[in-house]
Amino acid sequence: MEFDACMKHKLVRKSVREFAETELGPIAHEIDQEARFPIEVVEKMGPLNFFGLQVPKEYGGAGIDSISYAIVIEEISRVSGSLGLCLTVHNSVGISPILKYGTPKQKERFVTRLASGECIGAFCLTEANAGSDAGGVETHAVFTGGQYVINGTKIFVTNGGVCSLPLIFAITDPQANPGRNASVFIMEKDMPGFAVGEIEDLCGMRANPVSSLFFEDCRVGPENLLGREGDGLKIGLDALDTGRIGIGAQAVGIAQAAYEASVKYSRERQQFKKPISSFQSIQNMLADMATEIDAARLLVYRASARKDSGRPFGKEASMAKLYASATASRVTGKAVQIHGGYGYSKEYDVERYFRDAKVTEIYEGTSEIQRMVISRAILAEPV
Amino acid sequence: MKRAAVMLKMIVCMKQVPMVSDLPWDPVTGTLTRDVAEGMMNPACKHALEAALVLKERHGGHITAMTMGPPMAEEILREAIALGADRCLMVSDQKMAGADTLVTSFTLARAIEIFCPDFDLILCGCHTSDSETAQVGPQLSEELRIPSIAAVEGLDLCGNAMRIKRVSDNFLETLEMDLPGLVTVATGFYVPRYASMSGLHDAFREPGILTVGARDLGLDDDDVGLQGSATRIMDIFSPVAKKENIVLKGAPKKIVEELLDRFDDTIGSLIRKDLKAVK
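In order, the protein sequences belong to chains A and B.
Letter 192 of the first sequence, counting from 1, is numbered 192 in the numbering used here, and no numbers are missing.
Letter 181 of the second sequence, counting from 1, is numbered 1181 in the numbering used here, and no numbers are missing.
Just chain B, same shape as in the assembly:
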């Protein structure tokens, strides 16, 4: 096996998301009530970890699994250890609750600068299943002033850079990115492995894991959490699918005209034609 001259130092940022499909949320703050739902590692983060594990197997390396979240999020870091990560870092503080994506990226960046400053590559999931913003990864790269490529399908070390494959529309792009850099990993290529029983056993050998709060990062209350957030959720609701049956009656010509009048936008977008222009 060919090994890289330098051992890759990787950070996988991951998030615990609620397992249930009907997310419990706080109607006052408009944020998710995470402590009542059973948590799991965000599926896309599993793909990011798998990408890191493949790189480590191929070239050697060291993986730090990192999360920001409530104490119960420790579970996904233990899971990451069971799957093959070497070390974990937990960013957790009551004051960090309700953080938007911008302040989350800001907080993660400060933790990385202090606790793992010599990283080569940061891997994030391409989006989370609970909020679907896909913002934290790219924002984190801005905070750290490093290059980033989002939604990658495959990546490998090529000299001192990363060679990256990304599907864009109907094209497969091959890109090269200097290190240190950041990627967000899509869910189409890597198949996350299962935790072995031995890995699960080992993941709980160490009683505690490194947990840091706002003060450890030199941050004030105003810098983190809901207080530090630039955005507020104004409203959150479950989308309701509405079904309606409409019966058009009359002569065929009249029916078609009425159909086009009512649904020209919908039909047009399906067949990729501007039906208003046709009419």
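Next comes chain A alone, as it looks inside the complex:
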């Protein structure tokens, strides 16, 4: 059992940190305040393979391992949670289902464009009446005249405003049982009937253009159906296992940023003629923050290592996501507390970290859903 990072993972971290701090650091505050997607940075990330992190080389990706993947998401999120979100959604739930269930033709046609960063991906499950309950999906696809006609509205789509190849869930057989009634389609932005809604005015992750997507009589051929008809739930659950490693890593990155800011501030801020880091109340908070971040990071890396070794990792990914997201919320809360009034001000980054952290407990499966996944896995194990 090895707990120290190997040379490769250290170098991945240093390289991504250098990129993030140089290119994203100076604008991270501004893009949050202006709710602006930093396209100028995204364009630089394409040639560096940030949009095809685990895509095999034959489709233009980098083919990196899952721990490297987690480190990349962690380091980008440490500087900008919004862009970390864009990357992980694109790479995990946006691309991995096509890699796993797509035909060679679909991979050639769609994955190459996604991996280069030419197209940004998204994963559309949530609707007005569906989220944690995937069975509530109302978007439907009717097969007629050799094509599927898709109608419905997806909400809270991460990357919604910038995606051009989103995956969507639609009911294809309303009569089938709930596990077999949905399918996944690869949609293309220029299809007639595809429209993007207003960008949501959210609490955090404001530099990510989260929006609704509308599909009105959108016609797609069977070549846009991912897997077989009725595979939707299986594909979705699979994708979410992978996605949860990314969100766990994102939460670790946000927490790390808040922790580092707190250590720095507590050494500088003087009260009663001493730096506040000399007070036990502050020391206790810093100790808890460091310990929880360490534990969360190890859980994320364990899930990643299991994925790379080809073993089941759904339970471990859920544990990592559950713990890391709660850690991000607690740590960023303490960071605001340590910064006092300044921490509550938009001038200080910890205020942004605090807002960004909360949603990690909500998307890609709420904490309550993670507990359900974990407990089901535990109770299914032999006594």
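No wet-lab data here; the hints were simulated from the structure.
Mixed in with the good hints there might be a few duds.
[What the hints assert, rightly or not] So, partial list: chain A residues that the calculated Cβ filter (under 8 Å) puts toward chain B: (1) GLN33; (2) GLY63; (3) LEU233.
[Claimed, not checked] Below, a list of computed lysine-lysine pairs in the BS3-like style, where the Cα atoms sit at most 27 Å apart: (4) B:LYS1056 with A:LYS8; (5) A:LYS273 with B:LYS1243; (6) B:LYS1056 with A:LYS274; (7) A:LYS264 with B:LYS1243.
[Stated by the list, open to error] Here are some chain A residues the structure puts well away from chain B; computed CB gaps all over 12 Å: (8) MET45; (9) SER277; (10) SER375.
Every value quoted in this text rests on a predicted model; they were computed, and no experiment measured them.
By construction, the Cβ of each residue, glycine as well, lies at the ideal position given by its N, Cα and C atoms.
Got chain A; can you put chain B on it based on the hints?
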């Protein structure tokens, strides 16, 4: 794209330096304790590698990244591969610890003579961020008996020679150097690229890299490291900036006279006048 008749064979010499600003050092030997600090590629070496990569893109070529250092310095060679170098050479031996710049140049020269003798161009960073001597590059060219130009801003192949731009005082010099030769690259012109994720992945495909020690270079213990060094560090310390407030009191004429008496050297150097002569 115009390609040179001969493919340029380049060597980029690089050094791993500590990432922290407060360098840990051994108070007994006066040398840096490198194994406790997180390392990184010396910034100027990144510029030298970038210069080599630009030449390779423009004319074709082959780049060997080379370093002398402890085993952990392998990381910067892997980084060089990720950035586009073709091959690496690691010179590493416990006996080489504590080498001064002269014996470092001597050791590098022996390694180059044995393992990459047919080079056209050696590129070094203009100085390192940990010791700032700027000596290894020029000394290496002396050891190899080849021409060298230090602190170059830009370079390109021109026939069978290198055309080099260098800023000297307020002038921009254009120089030509025969090959094989050596340049040390300044940090003002080239913008080092970022490693791609694909490059980082590929950099670790090969499990091991070519590592050579003193014996492989035909060198004795006395020839390398602290033992082989001609210089010894007598003392090393962190400079402490001292601030002092002085209030001059009295009539203006007296104050000015006192000010000039106390600070004529400092003020004179700022306004480039010999104030002692003026007085």
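For each hint, the structure was consulted:
no.	hint	verdict
1	GLN33	violated, 26 Å
2	GLY63	holds, 6 Å
3	LEU233	violated, 32 Å
4	B:LYS1056 with A:LYS8	holds, 25 Å
5	A:LYS273 with B:LYS1243	holds, 22 Å
6	B:LYS1056 with A:LYS274	violated, 56 Å
7	A:LYS264 with B:LYS1243	holds, 25 Å
8	MET45	violated, 9 Å
9	SER277	holds, 18 Å
10	SER375	holds, 36 Å
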